[in-house]
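6 protein chains.
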Amino acid sequence: MSTKLDEFRTYRTRMNNRIGQIDHLGIKRFFNLDTNAYKDGALDGKTKELLGLVASTVLRCNDCVDYHLIQCVDAGWNDGELFDALNVALVVGGSIVIPHLRHAVETIDTLRSEHKGK
Amino acid sequence: MSTKLDEFRTYRTRMNNRIGQIDHLGIKRFFNLDTNAYKDGALDGKTKELLGLVASTVLRCNDCVDYHLIQCVDAGWNDGELFDALNVALVVGGSIVIPHLRHAVETIDTLRSEHKGK
Amino acid sequence: MSTKLDEFRTYRTRMNNRIGQIDHLGIKRFFNLDTNAYKDGALDGKTKELLGLVASTVLRCNDCVDYHLIQCVDAGWNDGELFDALNVALVVGGSIVIPHLRHAVETIDTLRSEHKGK
Amino acid sequence: MSTKLDEFRTYRTRMNNRIGQIDHLGIKRFFNLDTNAYKDGALDGKTKELLGLVASTVLRCNDCVDYHLIQCVDAGWNDGELFDALNVALVVGGSIVIPHLRHAVETIDTLRSEHKGK
Amino acid sequence: MSTKLDEFRTYRTRMNNRIGQIDHLGIKRFFNLDTNAYKDGALDGKTKELLGLVASTVLRCNDCVDYHLIQCVDAGWNDGELFDALNVALVVGGSIVIPHLRHAVETIDTLRSEHKGK
Amino acid sequence: MSTKLDEFRTYRTRMNNRIGQIDHLGIKRFFNLDTNAYKDGALDGKTKELLGLVASTVLRCNDCVDYHLIQCVDAGWNDGELFDALNVALVVGGSIVIPHLRHAVETIDTLRSEHKGK
Numbered sequence: 758m759s760t761k762l763d764e765f766r767t768y769r770t771r772m773n774n775r776i777g778q779i780d781h782l783g784i785k786r787f788f789n790l791d792t793n794a795y796k797d798g799a800l801d802g803k804t805k806e807l808l809g810l811v812a813s814t815v816l817r818c819n820d821c822v823d824y825h826l827i828q829c830v831d832a833g834w835n836d837g838e839l840f841d842a843l844n845v846a847l848v849v850g851g852s853i854v855i856p857h858l859r860h861a862v863e864t865i866d867t868l869r870s871e872h873k874g875k
Numbered sequence: 758m759s760t761k762l763d764e765f766r767t768y769r770t771r772m773n774n775r776i777g778q779i780d781h782l783g784i785k786r787f788f789n790l791d792t793n794a795y796k797d798g799a800l801d802g803k804t805k806e807l808l809g810l811v812a813s814t815v816l817r818c819n820d821c822v823d824y825h826l827i828q829c830v831d832a833g834w835n836d837g838e839l840f841d842a843l844n845v846a847l848v849v850g851g852s853i854v855i856p857h858l859r860h861a862v863e864t865i866d867t868l869r870s871e872h873k874g875k
Numbered sequence: 758m759s760t761k762l763d764e765f766r767t768y769r770t771r772m773n774n775r776i777g778q779i780d781h782l783g784i785k786r787f788f789n790l791d792t793n794a795y796k797d798g799a800l801d802g803k804t805k806e807l808l809g810l811v812a813s814t815v816l817r818c819n820d821c822v823d824y825h826l827i828q829c830v831d832a833g834w835n836d837g838e839l840f841d842a843l844n845v846a847l848v849v850g851g852s853i854v855i856p857h858l859r860h861a862v863e864t865i866d867t868l869r870s871e872h873k874g875k
Numbered sequence: 758m759s760t761k762l763d764e765f766r767t768y769r770t771r772m773n774n775r776i777g778q779i780d781h782l783g784i785k786r787f788f789n790l791d792t793n794a795y796k797d798g799a800l801d802g803k804t805k806e807l808l809g810l811v812a813s814t815v816l817r818c819n820d821c822v823d824y825h826l827i828q829c830v831d832a833g834w835n836d837g838e839l840f841d842a843l844n845v846a847l848v849v850g851g852s853i854v855i856p857h858l859r860h861a862v863e864t865i866d867t868l869r870s871e872h873k874g875k
Numbered sequence: 758m759s760t761k762l763d764e765f766r767t768y769r770t771r772m773n774n775r776i777g778q779i780d781h782l783g784i785k786r787f788f789n790l791d792t793n794a795y796k797d798g799a800l801d802g803k804t805k806e807l808l809g810l811v812a813s814t815v816l817r818c819n820d821c822v823d824y825h826l827i828q829c830v831d832a833g834w835n836d837g838e839l840f841d842a843l844n845v846a847l848v849v850g851g852s853i854v855i856p857h858l859r860h861a862v863e864t865i866d867t868l869r870s871e872h873k874g875k
Numbered sequence: 758m759s760t761k762l763d764e765f766r767t768y769r770t771r772m773n774n775r776i777g778q779i780d781h782l783g784i785k786r787f788f789n790l791d792t793n794a795y796k797d798g799a800l801d802g803k804t805k806e807l808l809g810l811v812a813s814t815v816l817r818c819n820d821c822v823d824y825h826l827i828q829c830v831d832a833g834w835n836d837g838e839l840f841d842a843l844n845v846a847l848v849v850g851g852s853i854v855i856p857h858l859r860h861a862v863e864t865i866d867t868l869r870s871e872h873k874g875k
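In order, the protein sequence lines correspond to chains A, B, C, D, E and F.
Position 41 of the first sequence, counting from 1, maps to 798 under the numbering used here, and the rest follow consecutively.
Position 74 of the second sequence, counting from 1, maps to 831 under the numbering used here, and the rest follow consecutively.
Position 58 of the third sequence, counting from 1, maps to 815 under the numbering used here, and the rest follow consecutively.
Position 106 of the fourth sequence, counting from 1, maps to 863 under the numbering used here, and the rest follow consecutively.
Position 96 of the fifth sequence, counting from 1, maps to 853 under the numbering used here, and the rest follow consecutively.
Position 68 of the sixth sequence, counting from 1, maps to 825 under the numbering used here, and the rest follow consecutively.
Read the hints as simulated data drawn from the structure, not as lab findings.
Treat the hints loosely; a few may be bogus.
One copy or any two copies: either way a pair holds, since identical chains are not told apart in the list.
To be verified - Subject to a maximum C-alpha distance of 30 Å in a straight line, what follows is the list of computed DSS-like cross-link-like pairs (lysine-lysine): (1) 796 - 785; (2) 803 - 785; (3) 761 - 785; (4) 785 - 873; (5) 761 - 803; (6) 761 - 796.
Given the sequences, and given the hints that come with them, work out the whole structure.
Given below as structure tokens:
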């Protein structure tokens with residue numbers, strides 16, 4: 758069965774390809790900069806993905822939360838660590854973050870069940 | 758010479774004391790919750806302070822950036838690591854974050870010069 | 758027929774239960790704090806729900822708007838009063854609030870028709 | 758086939774009519790003010806629609822983006838110009854804007870295909 | 758001694774006069790709309806000022822908080838009621854609101870001491 | 758006499774130099790991307806500066822407003838055009854934008870008086 762997360766991944770891939778076709782130099786460079794910001798540097802990439810997750814959550818962007826959760830789970834953060842990071846986002850951002858916390862927890866559960874299904 | 762950071766610390770202490778006097782149960786509990794969110798848990802407190810810094814930067818709150826920078830330097834993050842975290846905030850939050858990046862770098866420099874002065 | 762509001766209520770209940778299972782002390786305390794913030798105090802709960810509605814509207818969170826509208830209608834605010842509160846939110850938050858005003862009015866209409874159906 | 762954009766247009770018309778029925782003087786005046794802000798003045802309406810598009814994109818409101826894209830295409834902005842404006846929004850607002858960039862590009866493509874279908 | 762609040766009032770009056778001189782029809786109408794939004798209607802003006810205060814606090818605008826606090830004190834809200842409203846703003850908006858809570862409490866104290874001085 | 762705008766320019770130059778010294782590749786690239794976003798392209802640079810002004814105003818960043826006003830005046834926008842753009846920002850962003858409108862008008866006046874002084 759196709760999940761909400763599958764739909765996001767399909768849509769994201771399709772539209773990122775379409776944006777690539779536009780071939781706008783500024784937009785392409787921004788996408789590169791965005792990718793590079795999460796690579797190992799003074800901080801390792803794993804830590805940076807958690808920073809990206811918290812930034813996305815307090816700014817209340819579900820698609821961004823989903824993207825960074827996929828990366829965070831890939832990077833090896835466990836559920837307890839993810840919930841602890843989301844708690845920081847909740848306290849910083851307030852109750853207005855709660856709908857995005859619900860979404861994040863649903864996505865974490867989907868990602869774990871995908872992993873079991875493999 | 759008194760720095761902008763000294764003024765923030767003095768003002769913060771004075772007004773937090775005043776807010777304590779108000780004795781509003783909900784506000785007091787929120788302040789406790791806020792303090793506890795950065796204690797060692799599934800994630801260690803050092804990592805959580807970095808999460809708090811990035812959240813404060815993308816939400817563009819200079820006082821919050823200052824507070825979390827004080828905590829981050831206390832927790833042992835070095836300049837390279839702090840700049841790498843601020844870069845994630847810059848990419849997520851965009852050029853609107855730049856004035857807060859300037860402020861953050863000024864505060865980091867103040868904190869390092871305080872440390873040398875000891 | 759199931760409405761958008763029914764879907765929100767079902768999803769909200771399911772995910773709040775799931776978040777309860779996580780049993781993260783900070784998150785649980787935040788949810789308690791959130792519930793308590795709207796109880797009778799120096800201000801009565803009815804007034805506080807209206808404050809929550811306006812805060813949710815200017816912060817542009819449809820799920821939060823729906824939640825506070827359910828509470829506001831339960832608390833006895835009539836349509837004229839709700840529209841007057843939403844007008845304050847519109848003026849403070851600007852035309853970017855209009856899509857959330859549309860959503861709020863749709864939810865108010867759903868809530869009133871549910872009431873008639875009883 | 759009905760597109761996401763068609764659904765937005767239908768919903769927007771239906772709910773704007775419903776909001777008109779409410780007959781709240783403040784809300785009606787706000788809607789008039791909003792319409793008038795994009796009329797020819799010291800700046801021509803075409804330029805103002807592009808300003809509205811960029812404002813909507815950095816504030817991350819898909820419905821507002823759709824509305825201003827419809828107006829921008831009507832006003833005669835071409836794709837290259839729209840992408841250049843969206844690039845300004847992306848740099849100002851950061852990677853958190855990317856999901857709304859995807860949405861904007863999808864809407865531009867829908868609008869162009871509607872035009873061809875005529 | 759001139760307070761921060763005095764400076765805000767002087768600056769606000771001077772610049773509002775200057776904006777009046779500009780004589781831009783849209784801007785003038787917006788200012789009228791803004792004034793009218795807080796007049797007695799289905800909700801009384803006193804309640805609406807409290808809505809304006811909470812909206813300003815969660816949107817984190819100190820000047821707007823000051824303006825609405827002046828109006829709220831004039832309208833007769835007491836300290837306990839104002840703190841209870843600010844607590845709603847704190848829970849909705851999160852710890853990022855705390856610097857604005859400090860500012861609000863300082864302004865309330867200034868307003869009360871002005872009153873005693875009369 | 759040194760104006761608030763002079764202070765901003767001095768501070769901005771000093772801290773941008775300091776950020777340059779840090780020599781973080783991601784941050785340097787972001788600053789380049791930011792500069793390039795306002796160069797002539799499908800849209801001319803003059804139009805893009807106005808887009809940057811409106812984006813900065815609705816996101817409520819005074820330093821960003823000042824920077825883009827300097828650029829807009831350099832690019833040849835007159836006062837009537839700037840006020841018309843700020844009116845779009847006011848309607849989109851709401852009364853919460855008013856303090857930034859005051860700031861913008863003050864900066865425009867400073868820029869015009871600097872020009873007369875030359």
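Quick rundown of the hints versus the structure:
no. : hint      : in the structure
1   : 796 - 785 : both (18 Å within a copy, 16 Å between copies)
2   : 803 - 785 : both (24 Å within a copy, 23 Å between copies)
3   : 761 - 785 : both (27 Å within a copy, 26 Å between copies)
4   : 785 - 873 : between (36 Å within a copy, 28 Å between copies)
5   : 761 - 803 : within (25 Å within a copy, 34 Å between copies)
6   : 761 - 796 : within (27 Å within a copy, 34 Å between copies)
Violation of the numbered hints given earlier is absent; every hint is satisfied by the structure.
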